[in-house]
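J.: Based on these hints, arrange chain B on the given structure of chain A.
The primary structure of each chain is shown beneath.
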Amino acid sequence: MLGYGLHHSLGLQVGDKVKLLGREFTVHKCYEERGSKDDFTAWIHLRAAQELLKKEGMINAILALECLCGQVEGLLPKVRNEIEQILPGTQVIEKGTKALARAEARAQVGQEAKAAVEREKQHRDEMRSERELFAAILVPLVMVACAMWIGLLGFNNVRDRKTEIAIQRAMGFRARQIMFLFLSKFLIIGLLGGAIGIFAGLGFGRWLGIAMEGDIVGIATGTPFDPGQLLLALITAPVLTVISGWIPVMIAAQQDPAVVLREK
Amino acid sequence: MRFVVLKVENITKIYHTPNKQVRALDEVSLHVNSGEFVVVEGPSGSGKSTLLLTAGSLLTPDEGQILIDGKNPYALSSNKRAKFRAEKIGFVFQQFHLIPYLSILENILTPSILTKGENTHEDAMQLIGRFGLTERVHHVLAELSTGERQRTALVRAFINSPNLILADEPTGNLDRENAKIVIESLVEFANTGGSVFLVTHDTSAAKYTTRTLHLENGRMRND
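So the sequences go chain by chain: A and B. Just so we're aligned, residue 74 is where the first sequence starts under the numbering used here, counting upward by one. Just so we're aligned, residue 53 is where the second sequence starts under the numbering used here, counting upward by one.
One chain only, chain A, in its complex shape (with noise of 0.2 Å):
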């Protein structure tokens, strides 16, 4: 058998004789064009050239070619297997390409790759779930406290301005007057507090995702602004200023004026 560049320089056929080290072989194929060292090899029986160069015995290896044994699974055990048959005690070894082991490093790295990227993701989820399970029992929490505090003010706050109540109640205002009047003080201050609390959280939040370089994931430098929490801001904080201010300011108002204005 010969290749390319033997064939088409000598002119030779399928079923020329050609001479080699002096012995005659009839040719058995003609390889087409491969573009590599095949184009200039001539293969020839295995026990012929042992004794053409007097190596008789002495097989050192068996080359498969295009054999791609290790890319399909299974493949090289049986290959070991049916050899072992034809020739007992052979080693056989996998002898990969430069590219093939080029593409199944990359192939490797892609794998390894997917599955970081795939425990990245879960561990982005875990934190995700722990954050959310963190802020479900926090947030009830801060609002309550808030809320008690809020509360906690007013009460302050009415007490100090008992005497001013009770002079408008004596000034002719009626109960839901007075409750109007510190209710809307409080829906003012509630609205306030929640515009400036979105803004003081959302740059607290960043400062925080500078100040730990990404360590807390969400907390970046780049969490955008959402209208939507500001909306949601100034619904809350004003409802919940209002609801915690309405019991000491209903008593607040409901004080009898003569009472105060007797003890002044």
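Honestly, the hints are just simulated from the structure, not real lab data. The structure displayed is predicted, hence computed values, not measured ones. Each hint should be verified, as a subset may be incorrect.
Computed cross-link-like contacts, DSSO-like style, restricted to lysine-lysine with a CA-CA straight-line distance of at most 30 Å [unchecked claim]:
| id | chain 1 | residue 1 | chain 2 | residue 2 |
| --- | --- | --- | --- | --- |
| 1 | A | K258 | B | K132 |
| 2 | A | K235 | B | K132 |
| 3 | B | K135 | A | K235 |
| 4 | A | K258 | B | K135 |
| 5 | B | K72 | A | K235 |
| 6 | A | K235 | A | K258 |
| 7 | A | K90 | A | K102 |
| 8 | B | K135 | B | K259 |
| 9 | B | K123 | B | K135 |
T.: Coordinates of chain B only, in the frame set by chain A:
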């Protein structure tokens, strides 16, 4: 022609404490006509403030009745009584009881929110001018002298054009000059048809008044 603006008929007021009962007013009767300036004098603890608060429809008597312009305010519902008070009565207190964070003008206009009177702002500015407070109109309480505070309280009492002014020791915290301004303003109010009912322990107010009554231990000495 004079008519009765305030009529107090046999009122008794008892305060209940855990250990005892205090008879602050004991069958007190009096009346104040339109154009009259009536002073009730008496020592501390004699029941003066209780009488004023009861007359002002702020403290329900245990017995007897109060009539203001012929109406018993205690027969009205709480809301109607508040409206009645806003329209008929102006209060002046020794401690002024102004709202500290409001300006003079805002304090004065506060009662007018209730009556929604027309030209209130112009009326207020006119009264402010009469009491020499024009330059202080936008000042808050902390920036005023004691006399200015009481004059502001007076203007606030006048703003709704009440029939009756109830004043509790209005000159108690004032120097002689400011006390004179306050008393003369009340006299002028009475001279223009209004009624003034003032309680005090200061006997010097008596010289300006139409009548002076004496209260001791919750009872009237004479009427």
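J.: Next step is simple, just say for each hint if it's right about the structure.
T.: Comparing the hints with the structure gives:
no. : hint            : in the structure
1   : A:K258 / B:K132 : holds (26 Å)
2   : A:K235 / B:K132 : holds (22 Å)
3   : B:K135 / A:K235 : holds (21 Å)
4   : A:K258 / B:K135 : holds (23 Å)
5   : B:K72 / A:K235  : holds (27 Å)
6   : A:K235 / A:K258 : holds (16 Å)
7   : A:K90 / A:K102  : holds (12 Å)
8   : B:K135 / B:K259 : violated (34 Å)
9   : B:K123 / B:K135 : holds (13 Å)
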